[in-house]
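Chain B: place on chain A using the hints.
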Amino acid sequence: MSADDRLLSAWSELADFSKRVALATSALATVREADVKIAETPREEICRIGGRTLHRIARAGAARIRTPVLVTYAMVGHWNVLDLQEDRSFLRNLVEAGCDIYVTDWGHPTLADQFDDFHDLINGYLDGFVDVICERHGLACISLLGICQGGLLSLCYAALHPDKVSNLITAVTPVDFHADQTEERLDSGFMNVWTRSLTSEDIDLLIKAMGNIPGEVGGTTFSLMTPLRTLAKYNLTLVQAGQSADALMNFLRMEKWLSDRPDHTGAAAQQWLKELYQENKLVRGELSIGGRLVDLNAIDMPVLNIYSETDTVIHPLASKALRGRVASKDYTELPVSGGHIGIFVARSKKLSNSIADWLAKH
Amino acid sequence: MTKSAQAAEPFPNREELAPRPAAAAAPATEATAADATAAPASDYLEQLFAPWTAMAGMWNAWLQTAEVVSRERGLESSKLLNRLWDPELWRAGGLAPLLQEMQEVFSLPRFADLPSFDFSAIKSSASMLDLMGLVQQYMAVSIPLWLLMSRNFQGEIAQRADAGKAIKTPGEALDLWNNVVDRTLMEFNRSGDFARLQQRLLRALTGYRLELRQFGEKSSQLLDMPTRSEMTEVYRRMHSMQRELQELRQQVRTLRRHVTVAAPSKGGS
Chain A
1 MSADDRLLSA
11 WSELADFSKR
21 VALATSALAT
31 VREADVKIAE
41 TPREEICRIG
51 GRTLHRIARA
61 GAARIRTPVL
71 VTYAMVGHWN
81 VLDLQEDRSF
91 LRNLVEAGCD
101 IYVTDWGHPT
111 LADQFDDFHD
121 LINGYLDGFV
131 DVICERHGLA
141 CISLLGICQG
151 GLLSLCYAAL
161 HPDKVSNLIT
171 AVTPVDFHAD
181 QTEERLDSGF
191 MNVWTRSLTS
201 EDIDLLIKAM
211 GNIPGEVGGT
221 TFSLMTPLRT
231 LAKYNLTLVQ
241 AGQSADALMN
251 FLRMEKWLSD
261 RPDHTGAAAQ
271 QWLKELYQEN
281 KLVRGELSIG
291 GRLVDLNAID
301 MPVLNIYSET
311 DTVIHPLASK
321 ALRGRVASKD
331 YTELPVSGGH
341 IGIFVARSKK
351 LSNSIADWLA
361 KH
Chain B
1001 MTKSAQAAEP
1011 FPNREELAPR
1021 PAAAAAPATE
1031 ATAADATAAP
1041 ASDYLEQLFA
1051 PWTAMAGMWN
1061 AWLQTAEVVS
1071 RERGLESSKL
1081 LNRLWDPELW
1091 RAGGLAPLLQ
1101 EMQEVFSLPR
1111 FADLPSFDFS
1121 AIKSSASMLD
1131 LMGLVQQYMA
1141 VSIPLWLLMS
1151 RNFQGEIAQR
1161 ADAGKAIKTP
1171 GEALDLWNNV
1181 VDRTLMEFNR
1191 SGDFARLQQR
1201 LLRALTGYRL
1211 ELRQFGEKSS
1221 QLLDMPTRSE
1231 MTEVYRRMHS
1241 MQRELQELRQ
1251 QVRTLRRHVT
1261 VAAPSKGGS
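As you go down the protein sequences, you meet chains A and B in turn.
Counting in the numbering used here, the first sequence runs from 1 upward without gaps.
Counting in the numbering used here, the second sequence runs from 1001 upward without gaps.
Next up, chain B with everything else stripped away, as it sits in the complex:
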């Protein structure tokens, strides 16, 4: 029989496939007369409560699942989500690190035929938001700094006036202003506030750069171009080979020196 002929065969009749309760129930009808009265009642109750039992079992399974999920992931994730309400997080460059933590809390094993559910699509945006927040922080710090410079400048002018050395020309005033600005900025550059800001800026910039790199690498792969990671690996191997070459060159130079030293004594013997 050909394939097309096989295909043309109709599906078997559904009634022919249906179970035959009468034949299956046949052995039950062989029970005793006393059992015959009780059995239908229990059967009836079982059948009546079966769906509820099944539903209860299902809900129980889901309750257990919920308990497991909340135990394994819920507590951590709720702590993380609560932190989203902290304004300091948005100002201090903490969004990208928070996303990293959330990724770890919500991560799933890798599935071969499903896309990976990480936050890569939004991590670079988070790094950008962190940077913007830090710019605001810089402004928040630099405004009081300029006020401090102005106060210091006024203080210096008053001191000089009291000492009988009042500023007479704009040139003198400019020199004094420059000295005040220089000293104030140098003091600020060595302060803990500045150090913390710089550290946050460094982390936000490097985080943003790393996220952009990941994004760029994916694009490079799509265009069949070498990625930064691949090139870094090439450079690492090149470096290793260069070191070996250097060592060999030094060994050759040392051997040459020994030969040069040995040659005169050979000629003399």
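Excised from the complex, chain A in its bound form:
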């Protein structure tokens, strides 16, 4: 290619990029904040305990799977990513696949909630919600589906109250917080590396100064995991998304979810960072919640463990570590492809159908 050809090519690429920017700008100019809506699937508020709410996703007709499922997301980020939009709603897909879905809403913790630790989350709120669902359905036990930190909370709940859990599903859930050291990857396990670089006193100081961990701290940490995506989001990704109305709205819905960063209660964050990320107490059988040791061997109900090999937030080995640590004779692993959040906001219904089919068999 001659120098002139190269110059011509460069100019035409620049002109094309400029045109794309103009198109994206026009598309953005037509959108208002009120137009960007998420979590639109109808739902019913069942009860509240403190600042936490139990919702039920509305369904028409009886569920194919009789045992209701309590879905618990992490405290980092809001649960409504699971219902991003009509054609990208993990919860809606589960309902359409025949499940009766309840959702734990951790709300937006304030400084009044700073002393809520794992005991409160698990033995207080989760147990209270499980009891309410059991009473509504006249059942002794229900199924739990926990995602990421919500999976860890569900796992601990199942270990402490196995009589109340009929099936346990964990999705992209960290179990062994030091497993990343076995297989160091550049694109995964940053959170593990970062927390291990701090001392126990650093974490105590952070909690003492802040009370709760501000959502922005979590947001910054996640940005550091994928630095280029963060740098290029508003100059490349947004321009690309602005080429179509659907893609733009999808981008803006994700942005809306990302901008809603609830704080993490201080006491629970302290346990999360120190006892799990730093000391890895769960797999060592040393994690104590409400004065009781969490023994994964107490989990004897059917378990479905979902993980992603391309997860940048939770190292896949950290999730796969659940194998062999539970007493359940019915343990199934389901590897999926996609990002930590990506698998729940995809259009594909493959994951929700797999979960519903597994529940139907148990």
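Please keep in mind that the hints were generated in silico from the structure rather than gathered at the bench.
Glycine residues also receive a C-beta, built at the ideal position from the N, C-alpha and C atoms.
Hints are supplied without guarantee of correctness; some may be wrong.
Chain B stretches covered by chain A per the calculated footprint, using a threshold of three residues with CB under 8 Å from any CB of chain A [what the hints assert, rightly or not]:
1. 1066-1078
2. 1188-1199
3. 1235-1243
4. 1249-1261
Anything over 12 Å on all C-beta distances counts as not near chain A; from chain B, calculated [what the hints assert, rightly or not]:
5. Asp1043
6. Tyr1044
7. Ala1050
8. Leu1081
9. Leu1089
10. Trp1090
11. Gln1103
12. Glu1104
13. Leu1108
14. Phe1111
15. Leu1114
16. Pro1115
17. Gln1136
18. Gln1154
19. Gly1207
Quick look at chain B alone, frame taken from chain A:
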């Protein structure tokens, strides 16, 4: 006699209050004739050297004081003050912790009617200076990082050219640049340098926030408003009560379940 009349009484004459050396010296004059010759000399010498003796005693007391102060505080404080000359201290967010140590070395017991002599007035400024120093450190680290990215990028371009896959369009170059930036930043984010900087930043930020809080609490107290510490204590008590309530609710639910189970058998009997 009224108070005002009492007040109008003049002070006693100072001459009337003055000691009477003649009367006090009277017994000395009763000494023997031989003693009478020696006594005035020794008295004279004593009187001559009295001020010097008093001065010596005073200086001795102060020397002892200096020895005690330097033993208890001097060595530590000189070590701390020497550290002020270390440039690393000013860059690495060490000023606020140093002030904390100095406060401990120089601290005095609390006096009821005197203000407390702590460094609270300057500690928040020290935390701010630490933060500013860390910003400079970040810049000192990020500049070589960008140079490294540029070198890596040039290396990739050369490699591709050698392999016969030279970059042809700006789009390809941008993609390559993005990949190089991504990889370099991810490697740096996992490095010890980054971890140390982040740790220092965390400590400086939290230290600054705690100092500001103390300052804010003092202002709140002046304005008769609730302080953060008071509210935290309220939240702690609320949390404790909520836990008790939860436990009671669970006990009630359990009892209800037992009653429900027992009720059919009662009806059957």
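We went through each hint and held it up to the structure:
1. Counting residues of the stretch 1066-1078 of chain B whose beta carbon lies closer than 8 Å to any beta carbon of chain A gives 0, which falls below the threshold of three, so the coverage claim is violated.
2. Look at the stretch 1188-1199 of chain B against chain A: 7 of its residues bring a Cβ nearer than 8 Å to a Cβ of that chain, three or more, so the hint holds.
3. Judged by the Cβ-Cβ criterion of 8 Å, the stretch 1235-1243 of chain B is covered by chain A as claimed, because 6 of its residues qualify and three suffice.
4. Counting residues of the stretch 1249-1261 of chain B whose CB lies closer than 8 Å to any CB of chain A gives 3, so the stated coverage by that chain holds, three being the minimum.
5. For Asp1043/B, the condition that its CB be more than 12 Å from all CB atoms of chain A holds, with the nearest at approximately 70 Å.
6. In this structure Tyr1044/B is separated from chain A by more than 12 Å, as the shortest Cβ-Cβ distance comes to about 71 Å.
7. With a minimum CB-CB distance of about 60 Å to chain A, Ala1050/B clears the 12 Å threshold, and the non-interface call stands.
8. The claim that Leu1081/B lies off the interface holds: its Cβ sits roughly 26 Å from the closest Cβ of chain A, which is beyond the 12 Å cut-off.
9. Remark: the non-interface label on Leu1089/B is consistent with the geometry, its nearest Cβ contact in chain A lying 19 Å away (cut-off 12 Å).
10. Distance to chain A confirms Trp1090/B as a non-interface residue, since its nearest Cβ pair spans about 21 Å, more than 12 Å.
11. No beta-carbon of chain A is positioned within 12 Å of the beta-carbon of Gln1103/B; the least distance is around 17 Å.
12. Every CB of chain A lies more than 12 Å from the CB of Glu1104/B, the least distance being 17 Å, so the non-interface label holds.
13. Residue-level check passed: Leu1108/B sits 26 Å from the nearest beta carbon of chain A, beyond 12 Å.
14. Chain A leaves Phe1111/B outside its interface by the beta-carbon criterion, the shortest separation being 29 Å against a cut-off of 12 Å.
15. Chain A leaves Leu1114/B outside its interface by the beta-carbon criterion, the shortest separation being 30 Å against a cut-off of 12 Å.
16. At the 12 Å boundary, the C-beta of Pro1115/B stays outside the reach of chain A, the nearest C-beta of that chain being 26 Å off.
17. With a cut of 12 Å on Cβ distances, Gln1136/B stays outside the contact zone with chain A, its closest approach being about 20 Å.
18. With a closest Cβ-Cβ approach of about 18 Å to chain A, Gln1154/B is found to remain outside the 12 Å limit, as its non-interface label requires.
19. The beta carbon of Gly1207/B sits about 8 Å from the closest Cβ of chain A, which is not more than 12 Å, so the claim that it is off the interface is violated.
In the structure shown, a violation is registered for the earlier hints numbered 1 and 19, in ascending order.
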